[in-house]
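Here is what each chain is made of, one letter per residue.
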Amino acid sequence: MMENAAVAIEYRNVSKCFKGAGYNAVDDVSLSINEGEFITILGSSGSGKTTLLRMTNRLLDPDAGNIILFGENICDANPVQVRRRIGYAIQQVGLFPHMTVAQNIAVVPKLLKWDKERIDNRVRELTELAGLKPDEFLHRYPAQLSGGQQQRIGLARALAVDPKIMLLDEPFGAIDAINRLNLQDELKRIHGGLKKTFLFVTHDINEALKLGTRVAVMNEGRVCQFDTPENIAKNPADGFVESLIHSCRQQEKFWEGLV
Amino acid sequence: MELIQFAHRNYNLLLRALSEHIQMVLVALVLSVILAGLLTVLAMLFKRLGTFITYLFSVIYSIPSIALFALMIPVLGLGRNTAITVLVLYNQFILLRNFITGFNEVDHAAVEAATGMGMTRIQIIFKVRLPLSLKPIFVGIRLALVSTIAIAVIAAFIGAGGIGLLVTIGLETNNNNRILWGIILSVGLGLATNAVLELVEKRIKQK
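Quick mapping for you: the protein sequence lines, in order, are chains A and B.
Residue numbers for the first sequence follow my numbering, beginning at 1 and rising by one.
Residue numbers for the second sequence follow my numbering, beginning at 1 and rising by one.
If you're looking for bench data, these hints aren't it; they were derived computationally from the structure.
Ideal Cβ placement from N, Cα and C applies to all residues, glycine included.
A few of these clues could be false.
Said to hold, decoys possible - On the chain A side, residues computed to face chain B include the following (Cβ under 10 Å):
hint, residue
1, Ile90
2, Leu95
3, Leu132
4, Arg157
Stated by the list, open to error - With the C-beta cut set under 8 Å, the calculated list includes, among others, these residues of chain B facing chain A:
hint, residue
5, Glu105
6, Ala109
7, Gly116
8, Met117
9, Pro131
10, Leu132
What the hints assert, rightly or not - Mimicking DMTMM-like on lysine to aspartate or glutamate, the simulated pairs with C-alpha atoms at most 25 Å apart in a straight line are:
hint, chain 1, residue 1, chain 2, residue 2
11, A, Lys196, B, Glu112
12, A, Lys196, A, Asp120
13, B, Lys127, A, Asp120
Working from the sequences, and respecting the hints, build out all of it.
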């Protein structure tokens, strides 16, 4: 573990209740995440994992508690400014269909008024980082890309202005198993090379334990356990985590039975 | 036969009616699109205002055109400008419905990504929603144009000239040829415009 690393993200007693719901989607969550960590948030649908993520770049505002990014309480900050400093990638990717790959990646640099040469260089660099050949892909439109390629460009776009924090909401959720494994490996490589703080939401326990330096398991709006993958596998904190691990082991047995 | 002879004799009259009509319709259309564009941006920024605006213009749209022209006379007087004002008012309902629906139906993921990347609401409207709504915007303009061509015929009753003048004078002088030519020109203009714009629309779709 990193010693003396700066705290990148801190959730202090964060709660969120959606209008008309009788319960908290996120319920009194407190977490402290160090710079450079790759945190996966694992939970089933309705666990509050996406809500927690979306509060981190102020797409949602908490009803109670505070979120502090590198010492700055973002609840008082301008949401647009907060978002421009944070990378954001989602399962549906959301590439702009009327823009080429190059234009898509260049969106935030343009918003920040970088000069053209700097943008062009950055776009090529990011396309390569995402594992695609710039000359082949930069002038294509999103409709001319496969799902996996789209998500690679989505990641490149999110990394465009070198954000210290990356939020990833099930980015590989709609991608086939083989491409998914490749993308997971590459995301790990990208993280290792960049020393950024990654926050990665998934409902896939294998993905969560494989990618995370630490894993936050969420259920019904609460964090049941926040620990390294090894400790979660060895010492599940409660019945819910235990049942997750158990379901995984069941699958293993199923495979053993087939082979 | 008689119709063709009439046209031959009154060639200039028909041509002038047609060109007056086209001018009136184009001016009304340009003003309508500008106003509807502004109102759409407002509606996107302020949801409640948007609901109110569309409701207001749906009420105006349901007023028979001859009554609305008559209502405007005490306010704006007779003539072309009054006619154009009324045409602009009518168009708002058609345009706003298409513009706002188009803007709202843009791929949700693109809007979510744009928001998450730090675009302001205005930037999302102009850089994401607008370029992705070209098709419904164009459909709205086509429908508005065709309906304006027809409603503008009525505007002759308040002295706006155009094709409608053929009809009104034809009625007064009991001249069926005039009336028929008025109908032929307005229907022909409407159909031709519609056909041309549908072709352009297909081009946009292919892009």
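Here's how the hints hold up against the structure:
1. Ile90: Hint holds; Ile90/A Cβ to chain B Cβ min 6 Å, cut 10 Å.
2. Leu95: Check passed: Cβ of Leu95/A comes within 7 Å of chain B, closer than 10 Å.
3. Leu132: Leu132/A check fails; min Cβ-Cβ to chain B is 19 Å, beyond 10 Å.
4. Arg157: Arg157/A check passes; min Cβ-Cβ to chain B is 8 Å, inside 10 Å.
5. Glu105: 13 Å, violated
6. Ala109: 3 Å, holds
7. Gly116: Check passed: Cβ of Gly116/B comes within 4 Å of chain A, closer than 8 Å.
8. Met117: Nearest chain A Cβ about 5 Å off; hint holds.
9. Pro131: 5 Å, holds
10. Leu132: 6 Å, holds
11. Lys196/A - Glu112/B: It holds: about 23 Å lies between the C-alpha atoms, which stays within 25 Å.
12. Lys196/A - Asp120/A: 23 Å, holds
13. Lys127/B - Asp120/A: Holds, at about 20 Å.
Comparing the model with each earlier hint shows violations of hints 3, 5; every other hint is respected.
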